[in-house]
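Engineer: With chain R fixed as given, assemble chain Z onto it according to the hints.
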Amino acid sequence: MIQQKQTPMREQPASERIHNFNEVPLGYSPDEAVQEAERCLQCPQEPCVKGCPVGIDIPQFIEHVKNREFAQAVSVIKADNALPAVCGRVCPQENQCQGVCTLSGKFDPVAIGRLERFCADWEGENEACCVDIEPDTGKRIAVVGAGPAGLTVAGEMRRRGHAVTIFELLHVAGGVLMYGIPEFRLPKDIVQREINALCEMGVEVEVNKVIGRTQTIQELLDGDFDAVFIGTGAGLPRFLGVPGESLNGVFSANEFLTRVNLMKAYRFPEYDTPIKIGERVVTVGGGNVAMDSSRTALRLGARESVIVYRRSEDELPARGEEVHHAKEEGIQFQLLSNPIEFIGENGNLKAIRCIRMELGEPDDSGRRRPVPIEGSEFEIEATTVVIAVGNGPHPLIPQSTPNLDLNRWGSIVADPETGLTSIPGVYAGGDIVTGAATVIEAMGAGKRAAVAMHAFLSTS
Amino acid sequence: MYRILKKQTLGPSIREYVIEAPDVARVGKAGQFIVLRLHEKGERIPLTIVECDPEAGSVTLVVQELGKSTLEMGDHFHEGDTILDFAGPLGEETEIKNFGTVICIGGGLGIAPLYPIARDLKKAGNEVIGIIGARNKELMFYEDRMAAVCDELIVMSDDGSHGTQGFVSDPLKKILESGRKIARVWAIGPAIMMKVCANVTRPFEVPTTVSLNSVMIDGTGMCGGCRVDVGGTAKFACVDGPEFDGHQVDFDLLMSRQGYYHDEESCSMDAYMAKNAEGAEQ
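Those sequence lines, one after another, are chains R and Z. Residue numbers for the first sequence follow numbering that gives the first Met the number 0, so the first one is 0 and each next one is one higher. Residue numbers for the second sequence follow numbering that gives the first Met the number 0, so the first one is 0 and each next one is one higher.
Bound conformation, chain Z alone:
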């Protein structure tokens, strides 16, 4: 059992959890993920690590409540409660070294896994330009944390309610077109955002790393459900990734595979909402 030490709301349906998991906290690195299962009937949910505190034995995660399981976590799992299963760290860690000037782009929930990468790149001596974006002001989070680890931070929102109006790919393009020497780009967020960013950097031949969140069960290389096409070969996001060369990833296939269980997810969500409504009436 894994105790929730701290829980706070970062935005509408976005919450940060600090969970007691000393084994993972001792060795987890930026870029890796964990798999958790809330209860006996729960699914295995992969979540990227935001922060590990080896002394406190805790792991920080950010969860966006988009489906039944994450909604249930938000509704029913509070500080002091325990989560049934928590395993990791899984996947390969981010390659951190001094590349020179790097751009770290986070879109939506992708800001959470991006933060530790930007932090560690900064620590390794890189000049870090951060670009973070959200649909609107309410959905923006970790701006202060990102500002603390970036030499420059550009904040975007789709609707212009915060920072500059536009997509994260807009300033990326501008920087590359300005001729500034960029050694490497990280882009983490929705598949479509990563696809667009990779397309922007491709003509400039700037190596671009993306982090893929495909559907998976075990997260340890056993199910193969997370396979993605990278450079024409099938790779498992869980053990070969989750980070890959963005210029090689078949994003259309990724998006198609991410949507395969759409109907079942709706069904699960409806059943959960109905059950909640029933509970509220009693």
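Looking at chain R on its own, in the form it has when it is part of the complex:
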């Protein structure tokens, strides 16, 4: 008899966790993991594997968990995914592996993400699983940007015996995993552990390296490197373009989260970077970044944290679990509303004027287009607002690389199968190609690019 519901994961209670930055879900014990693994049917169709952007052999790793062969389970995952502790926490599994699980419907799907996290954390606490590395090929590749796409390419290429150097603009590797996703959702020690594992494989990481300025992509190719991968992400914050957006108290989500996550402003003044937080904080947007920002605001001491989103609850692009956690924590949702003006006093934000929206005909994305309702304007008092409506491509590499083909949004044009750009030997993947998407999609792109780069290096 199969257990109908997923084995629950223990969590910090909402009333406690809104006062700290510690991780919210606490992980499975070995017994809980085995209990959940026993729910897997080991069905021959394996829809979950096809649902995984990096094609992890999910039934096989779950079988190992069921048999308490945790080290083998880790090896199976790591054969396809260099960052399992990250993916187990931040992947939108409901749209991927779990969304297509044979159990779905009458039963809960197998909690594949939780099991992946369990295995990765088990490895962190026990023995590190060795990754087999092919003999040195004598080829060198440069990876520009140490986010999910770049880290994946680095791991995949190193494993194939190539020498890999990652160049990172900021002072730590990890990209959005470090500056964007909050500690309470993805502890930075865990990200660091995954990066350390790559370094132990022999991947070199150089931080504070402004590629595009200190060296161009062409100079990397003309110099030490046989191929280059660009994974510089979608780092350019979008604003709404409404009046008053430069008032003090109006933050891009990037600034708000970077201050808190990368610079640890939540520990100011022990750490030097400050953050200012109002009694009521409004976050504009409905994606994961908006959930992260609004929940961060609560933890920084905001009395009320409100999400303003222009569509309805059904269209919220955030992971289900993030919306669920946000609601548990008391985040208020002002749906079908959109800011039209920020109102200030002496240069500081005082209130946000919004307009109510209704859903009209479906747009290009297939979602119903929000349309403003005339005469429905209203104001929300707030001294902090966080704009979380997406990011554009980071401009540094596109602007400094003359022969690189870009699309009309400034993203790099790359072959979806191989990641090859308009410059021979130069590959790209992740948000710099697709626009802002998910960690695992960037990793999938990195993996495909690594296959193509390896083929390219093997014939050149």
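Honestly, the hints are just simulated from the structure, not real lab data. Yeah, the Cβ is synthetic: ideal placement off N, Cα and C, and Gly gets one too. All the pointers check out, no bait thrown in.
Here are the simulated SDA-like cross-link-like pairs (lysine to any residue), alpha carbons at most 20 Å apart as the crow flies: (1) R:K263 x Z:V214; (2) Z:K274 x R:P268; (3) Z:K6 x Z:P53; (4) R:K326 x R:R279; (5) Z:K40 x R:F20; (6) Z:K274 x R:R266; (7) Z:K40 x R:Q191; (8) Z:K234 x Z:E94; (9) Z:K172 x Z:A182; (10) R:K187 x Z:K40; (11) R:K275 x Z:Y259; (12) Z:K136 x Z:D157; (13) R:K349 x Z:Q257; (14) Z:K194 x R:G346; (15) R:K275 x Z:A270; (16) Z:K234 x R:G240; (17) R:K275 x Z:V214; (18) Z:K40 x R:D188; (19) Z:K28 x Z:I95; (20) R:K326 x R:N19; (21) R:K349 x Z:Y259; (22) Z:K234 x R:Q398; (23) Z:K234 x R:G346; (24) Z:K234 x R:P394; (25) R:K263 x Z:E71; (26) Z:K172 x Z:G99; (27) Z:K274 x Z:H38; (28) R:K275 x Z:Q257; (29) Z:K40 x R:P273; (30) R:K275 x Z:D262; (31) Z:K96 x Z:E151.
Distance windows between CB atoms, simulated: (32) R:G123 x Z:Q247: 47 to 55 Å; (33) Z:D244 x R:P12: 54 to 62 Å; (34) Z:Q164 x R:W408: 51 to 59 Å; (35) R:N66 x Z:K274: 50 to 58 Å; (36) R:G222 x Z:G99: 35 to 43 Å; (37) R:R266 x Z:G79: 28 to 36 Å; (38) Z:A270 x R:E373: 48 to 56 Å.
Structural biologist: Leaving out everything else, chain Z in the frame of chain R:
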């Protein structure tokens, strides 16, 4: 890690650092900046490049100790010590060509980033008139360096303790009123000084470049904290600047944004002073 090769005091709380950073030294140009972080708990501090020496692999910076981090740098980071992070060059370089006769104005710490611009403009064949000013004699620095690259150098101080008493905008106005043909003006210093200079040159329609030091985190276009209003559109000082057309900049907004963290800066400073006092007692 980035070693401090040389450190010298230029005035009360003004110090010059020569830092080993070969990557930046190889390509850094006048007008660009770097971001440094002193230690693991430090903030990212943007500083404009004064000089790059590609052979020595070093970058020269001038730092005024106004807040906790810069004070800490002055107190605890000496020759031979290392700085944890140092990234650049960031921002767009100054447009250098032969314009004709140009005026380069530096106020206070702004003299430091102004110097390489004046130097390169001179090298490009311009007739360079320099105007530098400080609150008083003690706070004046780089007078000799500026004199070496300017055809004329006017020195001002607010209190008259050095050079002529008055503001840098006074001689600027005089020169423009004299009818002398000025092709371009650079004005770098406190926001209020740049605002006044831009207001002086506006009626004469002399293109005026200013360099903005707004609050920023990454310095690479990611946070948007440094956004400034230029000609009615939001620009990022870090990637679109730091130099902008002074006639288009909303200086009042810039000053308002620069002051946003005033309370936190005081808090940080107090904590640092208390810690230092504690250290001195032990």
